[in-house]
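Visitor: Now for the letters of each chain:
2 protein chains.
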Amino acid sequence: MGWEDVRAEVLRRIRARDWLPGAMIPNEEALAQEFGVARATVNRALRDLAESGLLERRRKAGTRVAALPVRRATLEIPVIRQEVEARGQVHAFRLLDERMALPPVPVAGQLGWASGAAKLYLETLHLADGKPYAHETRWLDPVHLPDPRPDFASISVNEWLVTHVAFATGDIAFAAEAADPRSAEVLGVPQGAALFVTERTTFTAESAITFVRLIHAPGYRMVTMV
Amino acid sequence: MGWEDVRAEVLRRIRARDWLPGAMIPNEEALAQEFGVARATVNRALRDLAESGLLERRRKAGTRVAALPVRRATLEIPVIRQEVEARGQVHAFRLLDERMALPPVPVAGQLGWASGAAKLYLETLHLADGKPYAHETRWLDPVHLPDPRPDFASISVNEWLVTHVAFATGDIAFAAEAADPRSAEVLGVPQGAALFVTERTTFTAESAITFVRLIHAPGYRMVTMV
DNA sequence: CGGATCATTATGTATAGACATAATAACGTC
DNA sequence: GACGTTATTATGTCTATACATAATGATCCG
Numbered sequence: 001m002g003w004e005d006v007r008a009e010v011l012r013r014i015r016a017r018d019w020l021p022g023a024m025i026p027n028e029e030a031l032a033q034e035f036g037v038a039r040a041t042v043n044r045a046l047r048d049l050a051e052s053g054l055l056e057r058r059r060k061a062g063t064r065v066a067a068l069p070v071r072r073a074t075l076e077i078p079v080i081r082q083e084v085e086a087r088g089q090v091h092a093f094r095l096l097d098e099r100m101a102l103p104p105v106p107v108a109g110q111l112g113w114a115s116g117a118a119k120l121y122l123e124t125l126h127l128a129d130g131k132p133y134a135h136e137t138r139w140l141d142p143v144h145l146p147d148p149r150p151d152f153a154s155i156s157v158n159e160w161l162v163t164h165v166a167f168a169t170g171d172i173a174f175a176a177e178a179a180d181p182r183s184a185e186v187l188g189v190p191q192g193a194a195l196f197v198t199e200r201t202t203f204t205a206e207s208a209i210t211f212v213r214l215i216h217a218p219g220y221r222m223v224t225m226v
Numbered sequence: 001m002g003w004e005d006v007r008a009e010v011l012r013r014i015r016a017r018d019w020l021p022g023a024m025i026p027n028e029e030a031l032a033q034e035f036g037v038a039r040a041t042v043n044r045a046l047r048d049l050a051e052s053g054l055l056e057r058r059r060k061a062g063t064r065v066a067a068l069p070v071r072r073a074t075l076e077i078p079v080i081r082q083e084v085e086a087r088g089q090v091h092a093f094r095l096l097d098e099r100m101a102l103p104p105v106p107v108a109g110q111l112g113w114a115s116g117a118a119k120l121y122l123e124t125l126h127l128a129d130g131k132p133y134a135h136e137t138r139w140l141d142p143v144h145l146p147d148p149r150p151d152f153a154s155i156s157v158n159e160w161l162v163t164h165v166a167f168a169t170g171d172i173a174f175a176a177e178a179a180d181p182r183s184a185e186v187l188g189v190p191q192g193a194a195l196f197v198t199e200r201t202t203f204t205a206e207s208a209i210t211f212v213r214l215i216h217a218p219g220y221r222m223v224t225m226v
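Protein sequences appear in the order of chains H and S.
Number 209 in the working numbering belongs to position 209 of the first sequence; there are no gaps in the numbering.
Number 205 in the working numbering belongs to position 205 of the second sequence; there are no gaps in the numbering.
These are computed hints drawn from the structure, not numbers from a lab.
Check the hints yourself; a few may be wrong.
[What the hints assert, rightly or not] Computed Cβ-Cβ distance ranges for the label pairs, DEER-style:
hint	chain 1	residue 1	chain 2	residue 2	range
1	S	Ser154	H	Leu96	52 to 58 angstroms
2	S	Met225	H	Lys60	26 to 32 angstroms
3	S	Phe203	H	Ala67	17 to 23 angstroms
4	S	Glu185	H	Ala67	30 to 36 angstroms
5	H	Val70	S	Asp97	25 to 31 angstroms
6	H	Leu95	S	Ala23	26 to 32 angstroms
7	S	Ala23	H	Ala40	43 to 49 angstroms
8	H	Ser115	S	Ala173	35 to 41 angstroms
9	S	Ala205	H	Arg72	20 to 26 angstroms
10	H	Leu68	S	Leu96	19 to 25 angstroms
11	H	Pro104	S	Glu185	32 to 38 angstroms
[Said to hold, decoys possible] Sample of chain S residues facing chain H (criterion: CB under 7 angstroms; computed from the structure):
hint	residue
12	Arg15
13	Lys60
14	Arg71
15	Thr74
16	Glu76
17	Ile80
18	Leu127
19	Ala173
20	Ala176
21	Arg221
22	Val223
[Said to hold, decoys possible] Cβ-to-Cβ under 10 angstroms is the rule here; a few derived chain S residues that face chain H:
hint	residue
23	Arg7
24	Val162
25	Thr169
26	Ala178
27	Phe196
28	Arg200
We put the beta carbon where it would ideally sit given N, CA and C, even for glycine.
Please take these sequences and the hints and turn them into a complete structure.
Guide: If you want it as structure tokens, here you go:
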């Protein structure tokens with residue numbers, strides 16, 4: 001009887017509605033006795049279910065089945081190359097543009113960059129089996145780059161960053177947007193087509209490193225299991 | 001020195017590039033000695049970092065910093081009412097349609113429903129502060145409903161399901177789609193507008209319960225931290 | 001040399017016992 | 001009855017120890 005067995009049994013009781021949404025369940029001590037395991041084992045199982053949003057736990061108050069479960073799904077956010085290769089396709093990319101320029105005010109603002117400071121702008125087209133897969137536009141603070149700059153035509157910016165710049169925190173946003181003229185041209189779709197967009201901001205402890213927009217080709221779906 | 005402190009210190013070393021991507025880190029025993037804690041405490045910390053994709057662990061092979069980290073972000077998928085209320089707005093909904101009908105072949109196929117069997121079709125408009133927030137279309141197997149059916153005009157289908165039907169597994173997909181005539185009319189946007197769509201399929205152990213499409217009003221963004 | 005076998009090793013998990021912590025419930029006082 | 005204090009309780013975490021398990025590397029044998 002391992003902690004996964006305990007979790008499975010608890011999950012079964014929730015699904016079978018032995019324990020109803022909003023109802024308290026027995027405390028760890030009692031469950032440990034019932035299953036004949038140590039309390040730590042029950043704790044591990046219940047903690048896991050709480051992390052995925054099925055249980056709500058509070059000290060002293062006890063454990064209850066979530067009434068309106070906020071399901072937590074984990075999204076895997078791979079490097080594009082891995083994503084394409086996982087589909088059994090060949091990944092390639094073309095660096096379309098690379099120049100120093102003034103970032104738009106909203107971008108500079110969100111990243112805490114002083115307005116009027118030029119940053120590196122990079123534009124890349126990712127291909128899967130030779131067909132457009134995603135249009136990447138990126139603002140990057142060149143402070144984090146060595147001199148001379150890496151050759152981003154041969155190694156993708158993202159992969160260079162993850163292997164050469166300190167791991168970082170950040171946030172990710174997903175949205176639907178109409179294709180602007182540039183993305184439409186690059187991806188070979190009509191202007192105004194509905195495209196899935198991923199925006200990612202990455203920070204080190206002190207300052208913003210980079211802001212990327214990934215505009216995916218039509219038909220892109222992000223899938224997860226619950 | 002708790003496990004969160006251990007995690008913080010390990011994370012610091014990864015970010016500071018003391019431990020490079022792809023490199024091995026000391027084993028649990030050694031770290032436990034260094035930090036003056038039990039091995040279980042180190043284990044908890046390293047396991048947590050491995051779950052979020054920053055470390056790769058294999059028995060006997062040891063622990064290494066992920067070379068190309070597949071970042072795992074957790075998405076919270078709340079009930080719409082909670083989502084709207086969390087934004088400080090008032091949630092309301094209108095049941096637009098409720099009837100028995102034949103589900104389209106792709107829907108029936110994905111859910112494993114026999115073709116030719118009529119199911120319940122429900123169409124709902126969710127409002128935030130009186131403005132269109134999301135257009136919900138749903139196919140539901142009436143097997144899971146009591147007779148007579150609940151009054152879905154007064155309690156939203158989703159909330160009725162989570163509180164009255166056994167918890168279930170399922171999958172969720174996100175995509176960008178152009179507004180079809182019906183969604184455009186209901187949400188008050190031009191046809192072809194880029195809309196964010198969430199599709200969710202829910203199963204019990206045996207059979208499919210429901211398939212929902214949530215078509216969000218323009219401007220909808222799904223955000224997560226890493 | 002190739003391949004099967006076995007010892008070694010790092011992580012994975014279980015255990016009993018202990019103390020910490022947060023939150024509730026009970027109590028006493030005014 | 002309202003309010004502040006204290007006791008109680010369930011979860012949270014840590015420790016030391018033990019054994020399980022998977023993967024590697026070394027060894028032995030044909």
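Visitor: Give a verdict on every hint.
Guide: Evaluated hints:
1. Hint check: serine 154 of chain S to leucine 96 of chain H, Cβ distance near 54 angstroms, so the stated range 52 to 58 angstroms holds.
2. Judged by the Cβ atoms, the range 26 to 32 angstroms given for methionine 225 of chain S and lysine 60 of chain H holds: they are separated by roughly 29 angstroms.
3. A hinted range of 17 to 23 angstroms holds for the C-beta pair phenylalanine 203 of chain S and alanine 67 of chain H, which are about 21 angstroms apart.
4. Range check, glutamate 185 of chain S to alanine 67 of chain H: Cβ separation about 35 angstroms, and the 30 to 36 angstroms hint holds.
5. For valine 70 of chain H paired with aspartate 97 of chain S, a C-beta distance near 28 angstroms keeps the hint of 25 to 31 angstroms intact.
6. Checking the proposed 26 to 32 angstroms range against leucine 95 of chain H and alanine 23 of chain S shows it holds: the Cβ atoms sit about 29 angstroms from each other.
7. Between alanine 23 of chain S and alanine 40 of chain H the CB atoms are about 32 angstroms apart, so this pair departs from the stated range of 43 to 49 angstroms.
8. For serine 115 of chain H paired with alanine 173 of chain S, a C-beta distance near 39 angstroms keeps the hint of 35 to 41 angstroms intact.
9. Look at alanine 205 of chain S against arginine 72 of chain H: about 21 angstroms separates their beta carbons, and that is inside 20 to 26 angstroms.
10. For the pair leucine 68 of chain H and leucine 96 of chain S, the supplied restraint of 19 to 25 angstroms holds, since their beta-carbon distance comes to about 23 angstroms.
11. A hinted range of 32 to 38 angstroms for the beta carbons of proline 104 of chain H and glutamate 185 of chain S is consistent with their spacing of about 34 angstroms.
12. Hint status for arginine 15 of chain S relative to chain H: holds, with the closest Cβ pair at about 5 angstroms, below 7 angstroms.
13. Interface hint at lysine 60 of chain S: violated, since its Cβ lies 20 angstroms from the closest Cβ of chain H, which is beyond the 7 angstroms cut-off.
14. Because the smallest distance between the Cβ of arginine 71 of chain S and any Cβ of chain H comes to about 5 angstroms, under 7 angstroms, the interface hint for this residue holds.
15. Given hint, threonine 74 of chain S at the interface with chain H, holds; its Cβ is 5 angstroms from that chain's nearest Cβ, closer than 7 angstroms.
16. The restraint placing glutamate 76 of chain S at the interface with chain H holds, with a minimum CB-CB distance near 5 angstroms, inside the 7 angstroms limit.
17. A least Cβ separation of about 11 angstroms between isoleucine 80 of chain S and chain H goes past the 7 angstroms threshold, and the interface hint is therefore violated.
18. A least Cβ separation of about 19 angstroms between leucine 127 of chain S and chain H goes past the 7 angstroms threshold, and the interface hint is therefore violated.
19. With a cut of 7 angstroms, the hint placing alanine 173 of chain S at the interface with chain H holds, because the nearest CB-to-CB distance is about 5 angstroms.
20. At a threshold of 7 angstroms, the smallest CB-CB gap from alanine 176 of chain S to chain H is about 3 angstroms, leaving the interface hint in force.
21. Among the interface hints, the one on arginine 221 of chain S holds; its C-beta lies about 5 angstroms from the nearest C-beta in chain H, closer than the 7 angstroms criterion.
22. The beta carbon of valine 223 of chain S comes within 5 angstroms of a beta carbon in chain H, closer than 7 angstroms, and the hint placing it at the interface holds.
23. A least Cβ separation of about 13 angstroms between arginine 7 of chain S and chain H goes past the 10 angstroms threshold, and the interface hint is therefore violated.
24. For valine 162 of chain S, the shortest C-beta to C-beta distance to chain H is roughly 6 angstroms, which falls under 10 angstroms, so the interface hint holds.
25. This hint holds: threonine 169 of chain S has a C-beta 6 angstroms from the nearest C-beta of chain H, less than the 10 angstroms allowed.
26. Because the closest C-beta pair between alanine 178 of chain S and chain H is about 4 angstroms apart, less than 10 angstroms, the hint holds.
27. Satisfaction of the interface hint for phenylalanine 196 of chain S is found here, the shortest Cβ-Cβ separation to chain H being roughly 4 angstroms, below the 10 angstroms cut-off.
28. Because the beta carbon of arginine 200 of chain S sits about 8 angstroms from the nearest beta carbon in chain H, less than 10 angstroms, this interface hint is met.
Violated hints, in rising order: 7, 13, 17, 18 and 23; the structure is consistent with all others.
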